[in-house]
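Engineer: Chains as they are written, first to last, in this note's numbering: chain A, 194 to 953; chain B, 16 to 304; chain C, 138 to 291.
There may be inaccurate statements among the hints.
Stated by the list, open to error - Straight-line C-alpha distance at most 25 Å; calculated DMTMM-like pairs for lysine to aspartate or glutamate: (1) C:LYS192 <-> B:GLU71; (2) A:LYS823 <-> B:ASP207; (3) A:LYS216 <-> C:GLU230; (4) C:LYS192 <-> B:ASP281; (5) C:LYS140 <-> A:GLU301; (6) B:LYS55 <-> C:ASP205; (7) B:LYS285 <-> B:GLU269; (8) B:LYS17 <-> A:GLU252; (9) A:LYS870 <-> B:ASP281; (10) A:LYS768 <-> A:GLU825.
Hint data in this document are derived by calculation from the structure and do not stem from the laboratory.
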Amino acid sequence: MERRSVIGQRIRNIDALEKATGKAVYGIDVSLPGMLHGKILRSPHPHARILRIDTHKAEKLPGVKAVVTADDTPKIKYGAQIHDEYPLAVDKVRYIGDEVAAVAALDEETALQAIRLIEVEYEPLPTVFSPREAMADGAPSIHEAPQNIVTHIAFERGRVEEGFRQADYVLEDTFCSSNVHQAYLEPHVCVVKPDGSGNITLWASLQAPFRNREILARILNVPEGRIRIVQTIVGGGFGGKATQLLSLYPICAFLALKSGLPVRILNTWEEEFSASRSRMPAEIRIKLGIKRDGTFTAKELNILSNCGAYAGTGPAVVGTTATRATSLYKFPNVKCQADLVYTNTTPIGSYRGYGNPQLHFSMESLIDMASEAIGMDSLEVRLKNAIGLGEVSVNGFVMNSCRLKECLQTAAERSGWKEKRGRGRKVGRGIGMASMIHVSGNRAIYPFFDGSTAYVRINPHGGVDLISGEAEIGQGANTIFSQIVAEVLGIAIEEVRVLPLDTDHSPFALGTFASRVATLGGKAVLLAAEDAREKLFAFAATKMEVNPEDLEFADGRIRKKGSIDPGMEFKEVAKLASHANGGAPILGVGSFVVPSSVVIPDESRYGNISAAYSFGIQVAEVKVDRDTGKVEVLNFFSVHDSGRVINPLLGEGQVEGGVVQGIGYALMEEIIRKEGKVINGNFTDYRIPTIGDVPPIQTVFVEEPDPFGPFGAKGLGEITQVPTAPAIANAIYDAVGVRLKELPMTPQKILAALKKSPIK
Amino acid sequence: MKRFSYHKPGTVEQAVTVLRRYEGKESVLAGGTDLLAEMKQDLRTPVHVVDIKGIEKLGEITTNADGSLLIGATVTLHSLSTSPFLKMGWNLLAQAASKVGSVQVRNRATLGGNICHASPSGDTLPGLLCLDACFKIIGPQGEREIPAEKFFLGPGQIALGPAEFLTGILLPHISLPLRGVYKKFTLRRMMDLSLVGVAVLGELDETGNTFRDIRIGLGAVASTPIRVRKAEMAFTGDKITEKRIEEISLLATEEASPISDIRGDDWYRKEMIYHLMQEAIKEIWRNRP
Amino acid sequence: MPKIRIKMNETLHITSVPANLTLLDFIRDRLGLTGTKKGCDSGNCGACTVLLDGKPVNSCLILTVEADGCSVDTIEGLRQGRGLHPLQEAFIEHGAIQCGFCTPGMILSAKALLDENPNPSDEQIRQALAGNFCRCTGYAKILEAVKSVISKHR
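Kindly produce the complete structure, drawing on both the sequences and the hints.
Structural biologist: Next comes the structure, spelled out in structure tokens:
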């Protein structure tokens, strides 16, 4: 009997039951006996020298068990990419929220009282809040970096001046995107327990526990083996809990080590908005040369972005902005100049898309403007220039699979593009599209390798364990892994047990970011499952006296293909193998690194950074109220080339979630600061979409298996938010003829533009 | 939240006694959706919290012999929004109550709380002004009544003396067939504070082409909720046309003095008054029974 | 310390609590029922939603003492050893749960809606769930899940 494949099936999340019944344990749910509560004292100044810290009043307060400042630490600089920060400020504070001291006490109230008793004498320094101010002559130096520049990128491929000369039209414009927060519902939280011998266990909702441990070990100046990180169930991450480690975590460790007791620190939402790491805002000037027949001849970018007070993941994020979206199309000539600049504001970090949404907004908007200039449908312009299978983009991406054109055509059909485009202006209705490209893993993130390892352990009792260090963060990684194991071993998904992520037991893994988990994590799982199968068959073959190649799985049994002999029970074989081997389980190991064709980019940012690239198109239908400027998204289509989708139910979930975050980015979200201070740091004044703001979303997967990914899968986790803002911006233009170049596109901005616009 | 002593008096007299004893260090607790949120931020730090939900009659809605309606201060916004008592003109208040926050908030937030929080954007406030509501206060000097319009002194500032608190909201009997509409402009479709609130209460004549009586209240466009009396007077008795509605709406914007804040600029608020008011008036005009 | 009697998921608790202990912290820290979540802790996100005498409320803005004499239902009380509530089953089936942090509050709000109005319109469902934020799912499958329970009942 043909066994039905579980790949491509709509299978429920394996952890959904515990979440639906309130049993799932998140970081915020962890409580240990004798646990102290920690609070952090943060700088009220955006830039100041620390002259004196006096903690003795806090130390004397009854109930306080430990107080720490930088003097209690090895004062080792760290950072996700550039080592420019300390967990507790040494000499200087550089933004409002910078960590200065911390307290652990018997309860939260006492801890709060205690930090108010810490006396800090500051000498305020001159401040800069915008990149331009920070780069100007005479600007105060935040980190001794010339002109306060964190990263400078400059490259030219081909000759853009020549390219612009060849164009029939050259358009240039500037687009600005805002600082938005991931707004996961569970704030950053950490529990650390010391064992009294210099070892600590840390519980937290982290996306990249092994990378986080590396950084933590550096800060604490201990061998990594002394730190155990147990990943709790994550209440949302979206990049905010990935490779840049907030000071909260090492501070918690210092308090635990000093007090000798377990300590918990939980961010308030005011701390989240002012002191966790959110999306890099960018000002992008983009120039495009286009021929009358729609061919692009040249593109030039000037990117100015605000890094905030510390580098964090900024250098890689701006590198993404500078190069990724460009690879959607064939550009014969490109030039790029980018500056990432320190200012006295909250340091930026990673958020779903990692610098990609910013350039997509600019480029996909300008392409629509250019299409209008030459009188061509922007769909046709995109089709004309779209990159294709087997091609290498101008920035070095090698397209081993690419269905971009098919996605464009499918999206146009499904959305009724030709019938609706340009027809709705009388009633303020419009339709707009934007293309998307993203990676499946990024070789540039970790200097030493990209790849993954997994174990599939067939236990003596016949149960199967999957052990991977790649992180489940709600996207369904563990479910997809279970599907892969079940598929290869011919068992039910329910029979696969995914062990919790624990640095003591799981193999080293890079973690969940760069949309790498289904492709790279999944590939390791596939290899491990195949290895386990091979070993199991090898043993069964000796017992059944057949060749291993002649064996197959069927209904919980292992038997010879095409034979009437029922063979042996799976569980029986596992047990016997263990007995024959001193109790050993059958251990399948899957390990790989990406092929050598996948590289870290060179100094000019050229290089094939991923084993596979995902593509797609989003189409938004909007209605704009001309009296109020309010935008209602009526319908949304998201068409994806992410290779084979292992679980379409979960895949749709990534699309729908990403799109709605994208709607927030496009229309309503922005962290607002005045003189470096966040003034809307709460969920009343920082608006994320509610269920009232959501249009019907149709997802189409154009599935062609990619040669590299497991069962042909490519990344899907981040790309879903990447083109949403320009799709909506282009739809707004189609609806009422106003072109917005600044995010978020609020009703007030739209109304202001409508009043200026001659088109009524 | 800092520590405090909790009191739950069973009668208004007991409540006044407690408030008097701890005057200056106490806060009255009704629904808690404003007070507790503020206490968590240390914006208010009462040493004594006086929960008035223990006073039964404050949770009731009663019709008086003269046809007026007394709404107890601790009646929740949810109860208000579904109350069978709030018919005809009074329905304006039910509409406003139904638009505050979320289901969770409306199940706790009270009319008395919405009033005493006195946010310029409080949703129930413009309608209360249109309905000529009167607030019943009790304190050491006994009971008194104050018209709604005199109660609001500024953002978060109300005309309550020491140890006084609001016990009820009196809505005068409406003999005329008034119909009311509350329009709330928000940046997000649901669960948002209003950028502009417009309450219109009107009575059309038999032809349906003139307002015999029209009252207009605005929220979030001044330091308190306001009645735009110039616009009201200019409109009463006039023939209703689309053009006249536009003119009156423009007149109303001139009586408002909105500020610019993180939600929106002053000019945008004026635009929204202009727009929302027309919508509200047209709804009453066109949907006459 | 005020004395209180609260019925928590059908179990009566008679105890003393500090006045400044929120109902949320009582449920999570004193009773160890961590299914109810602390999200924004300011009455916006709805992750702390419980049913107080059957009505959905944000437990982060309620003092435990205010719930004296009341009955409280949390997500743990939904199952009661009798199998899953149809909403729990539907959320699981339809992929309406990703990180799951909003799920307990969302399910309770949906339950309260259907208990009062077994046949709500799309708009009424949205109004009922407007105070429960979700950042992972985009709400699409949450709506599907709730609607599937409605149509099953017809």
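Engineer: Give a verdict on every hint.
Structural biologist: Status of each hint after checking the structure:
no.	hint	result
1	C:LYS192 <-> B:GLU71	holds, 19 Å
2	A:LYS823 <-> B:ASP207	holds, 14 Å
3	A:LYS216 <-> C:GLU230	holds, 18 Å
4	C:LYS192 <-> B:ASP281	violated, 39 Å
5	C:LYS140 <-> A:GLU301	holds, 23 Å
6	B:LYS55 <-> C:ASP205	holds, 21 Å
7	B:LYS285 <-> B:GLU269	holds, 8 Å
8	B:LYS17 <-> A:GLU252	holds, 20 Å
9	A:LYS870 <-> B:ASP281	holds, 23 Å
10	A:LYS768 <-> A:GLU825	violated, 61 Å
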